[in-house]
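Engineer: Here's the letter readout for the chains.
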Amino acid sequence: MKLEYAPAPESRSIVDIKPSYGLFIGGEFVDGHGKAFKTISPATEEVLSEVADADEADVDAAVKAARRAYTRTWSKMPGRERAKYLYRIARIIQERSRELAVLESLDNGKPIKESRDVDVPIVAAHFFYYAGWADKLEYAGYGTQPLGVAGQVIPWNFPLLMLAWKIAPALACGNTVVLKPAETTPLTALLFAEICQQADLPPGVVNIVTGAGETGRALVAHEDVDKVAFTGSTDVGRAIAKVVAGSDKKVTLELGGKAANIVFDDAPIDQAVEGIVNGIFFNQGHVCCAGSRLLVQESIAEELLGRLKRRMSTLRVGDPLDKNTDVGAINSAEQLARIRELSDIGEAEGAGRWSPECELPQHGFWFPPTLFTGVSQAHRIAREEIFGPVLSVLTFRTPAEAIEKANNTPFGLSAGVWTDKGSLILHMANHLRAGVVWANTFNKFDPTSPFGGYKESGYGREGGRHGLEAYLR
Amino acid sequence: MVSSSTAAPAGATTGAEFAEITRSDSSLRRFLHGLPGVDQVGAEARAATLGTRSIKTTAKQSAIDLAIRMVDLTTLEGQDTHGKVRALAAKAMRPDPADQTCPAAAAVCVYPDMVATAKEVLGDSGVNVAAVATAFPSGRAALDIKLADTRDAVEAGADEIDMVIDRGAFLSGRYLQVFEEIVAVREACGSAHLKVIFETGELQTYDNVRRASWLAMMAGGHFIKTSTGKVQPAATLPVTLVMLEAVRDFREATGQMIGVKPAGGIRTSKDAIKYLVMVNEVAGPDWLDPDWFRFGASTLLNDLLMQRTKMKTGRYSGPDYFTLD
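As given, the protein sequences belong to chains A and B, one line each in that order. In terms of the numbering used here, the first sequence is residues 1 to 473. In terms of the numbering used here, the second sequence is residues 1 to 325.
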């Protein structure tokens with residue numbers, strides 16, 4: 001018998017999207033000087049709202065508001081008082097979690113299952129966690145003085161989660177922030193601004209300026225910004241490093257990745273298959289630490305691929321608001337074009353392309369879960385970050401070869417190791433040049449665990465006690 | 001990958017074709033310990049994720065009807081009487097007296113001494129009689145007594161035998177003994193179908209569950225079953241996940257389909273639907289049939305009936321509108 005799952009869409013009615021949004025500066029929504037731009041739902045291309053494009057003057061106003069809040073209130077406030085605000089924000093996030101999840105899925109295209117069960121709960125947990133640090137900074141070992149005003153620029157793949165990773169530690173340490181969300185996903189940051197108002201956060205402690213690359217450039221280049229935090233592509237990260245070079249700004253960059261997910265022949269195979277799927281198809285592969293290179297021991301390669309393909313055939317691609325959707329929409333037309341281009345190159349370079357049969361919606365931006373077999377280190381799809389649901393499969397024979405191949409990349413953000421042998425896990429973890437090494441799991445995030453990269457994946461750590469270092473002196 | 005077209009053979013064959021593996025205790029141990037391990041955290045996370053599927057409207061309706069058809073309506077109490085068993089058998093044939101369209105349950109599951117009574121009521125209604133045998137639930141008796149127990153139930157008319165494995169032998173590594181016992185009981189079953197109960201609450205680890213699954217499948221069991229219902233925890237989603245993976249892999253390796261029966265602790269329609277989702281996505285739709293998947297349950301049936309009525313009428317009726325047996 002066939003068990004068809006009837007559509008089970010989450011209701012949109014819980015979230016009230018305004019026709020247009022201004023900038024959040026000094027605790028109030030104000031009109032920007034620039035022209036407004038539209039933000040759309042990538043699943044349907046429907047226009048959701050119009051958002052202000054902040055120009056240099058707007059950014060300057062936001063930085064001034066942040067400076068004022070920093071000198072007058074926030075830096076003088078005892079840690080335990082700052083903590084109260086952070087706890088309050090965390091609780092409001094939990095209370096409004098469904099609203100946040102629906103809005104995130106609408107604006108970003110990620111499945112509601114993920115925004116509901118992963119993103120929003122970790123966002124709340126992040127604020128809870130750093131609220132706990134606010135009055136204990138002297139025990140962290142990184143000094144107790146805040147830096148001042150932080151200019152933060154975040155990507156579109158985890159709009160609200162990256163906001164939490166940036167804002168929670170900054171505020172806990174006594175800094176004020178000006179944050180620029182990505183141009184394709186500004187809405188949850190603006191809803192977060194409302195939450196700041198609801199929590200009675202002192203005006204100017206959090207400022208949100210929306211816009212594209214120019215806005216971000218103005219923010220990181222602003223001379224009264226003491227700290228720059230960026231998550232996004234390696235190219236933009238490089239540009240930011242050049243802009244701030246020679247200034248006394250502190251910088252943390254969390255950039256791209258091309259993680260190896262290494263499966264040994266004694267791995268718990270069914271869980272490894274789950275881990276591979278979770279590693280590359282979670283969030284449509286729009287994950288900087290995605291396990292985009294599968295390194296599988298040659299002796300089990302065929303069996304593992306058979307199981308992986310069977311599992312991929314059960315992935316449900318479609319409406320992000322349907323509770324049974326596993327893989328949602330690609331975030332933008334631009335990103336879709338890049339994924340297509342690199343996949344076509346993979347095919348042209350001789351790798352074997354495979355996707356399960358799946359019907360993609362007519363409108364919006366979609367790409368089926370895809371894997372490439374017969375990939376070698378020389379292929380572009382093994383070297384460049386695709387940032388989409390595309391897995392490159394390579395094989396290895398010995399642990400030494402696995403380490404060599406895994407490390408043979410300009411990136412070094414994350415890696416996964418699958419084996420039943422504890423000693424091999426420790427050996428691999430010691431030799432893999434990656435900021436995070438997951439053992440028998442993948443893409444697991446927790447506020448207590450530091451996250452960050454080696455080499456072209458950036459520098460600085462976010463999360464955990466280590467995450468405080470970037471915001472203290 | 002999964003050859004969905006293969007019509008499975010009517011029943012598993014006995015252990016002969018695995019002669020190489022079951023030649024000695026050590027060769028059998030080598031094989032079972034060579035099966036891929038199960039990572040506990042990963043298996044439980046997968047089961048939990050499958051549990052978040054949202055089955056609504058038409059999908060829920062057909063899932064509830066399917067679940068009713070999969071119920072092995074069970075009474076295994078010291079206080080069982082012929083009257084009680086007759087009542088239960090009547091309910092299995094007509095679970096909802098108020099609704100002709102309600103399907104019948106799969107079987108009635110009783111102790112061997114109640115088989116004749118159940119058979120008398122069920123006749124050729126299509127509802128089977130399943131009997132627990134082999135010194136259920138502990139399995140602590142000599143082999144000839146277990147075999148006599150089995151034959152007794154079969155002679156009384158049982159269509160299905162639910163045997164328990166010797167967990168003591170399994171846990172002390174005497175796999176061949178467990179294997180041979182299953183083979184012997186299968187022979188004693190004659191034409192009756194054999195379900196092999198592991199009592200996963202006593203085996204404890206998922207690695208053990210996977211090994212027991214292969215052991216029972218190679219020995220010729222038609223079904224593998226989680227629990228007796230007498231030990232906690234009984235059936236859980238992750239245990240069932242590991243068993244569904246085992247039957248899926250076994251078919252891939254041998255072409256033979258084996259059934260799965262979680263038993264004990266499944267009380268609500270919501271739970272039952274989570275199991276069906278898991279069957280669908282792990283073993284595949286071929287297993288979505290009473291021939292290949294069963295629920296060992298008693299209270300579950302009334303909840304399924306209540307939800308079924310709610311789906312049809314839009315209203316919940318009180319528990320007094322469903323029969324208690």
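To be clear, the hints were calculated from the coordinates, so they are not data collected in a lab. Some hints could be false.
DMTMM-like, lysine to aspartate or glutamate: derived pairs with alpha carbons at most 20 Å apart [claimed, not checked]:
hint, chain 1, residue 1, chain 2, residue 2
1, B, K312, A, E4
2, A, K309, B, D271
3, A, K444, B, D207
4, A, K2, B, D291
5, B, K56, A, E4
6, A, K323, B, D144
7, A, K421, B, D291
Engineer: Next, verify each hint and record whether it holds.
Structural biologist: The hints, checked one at a time:
A C-alpha spacing of about 19 Å is found between K312(B) and E4(A), which places the hinted pair at or below 20 Å, so the restraint holds. For the suggested pair K309(A) and D271(B), the alpha carbons sit about 28 Å apart, so the restraint of at most 20 Å is broken. The hinted pair formed by K444(A) and D207(B) fails the criterion: a straight-line CA distance of about 24 Å is larger than 20 Å. Between K2(A) and D291(B) the CA atoms are separated by roughly 15 Å; this keeps the pair inside 20 Å, and the hint holds.
Distance hint between K56(B) and E4(A) is fulfilled; the C-alpha atoms sit about 10 Å from each other, no more than 20 Å. Between K323(A) and D144(B) the CA atoms are separated by roughly 54 Å; this puts the pair beyond 20 Å, and the hint is violated. Restraint check for K421(A) and D291(B): the C-alpha separation of about 39 Å exceeds 20 Å, so the hint is violated.
In this structure, the earlier hints numbered 2, 3, 6, 7 are contradicted, and the remaining ones agree with it.
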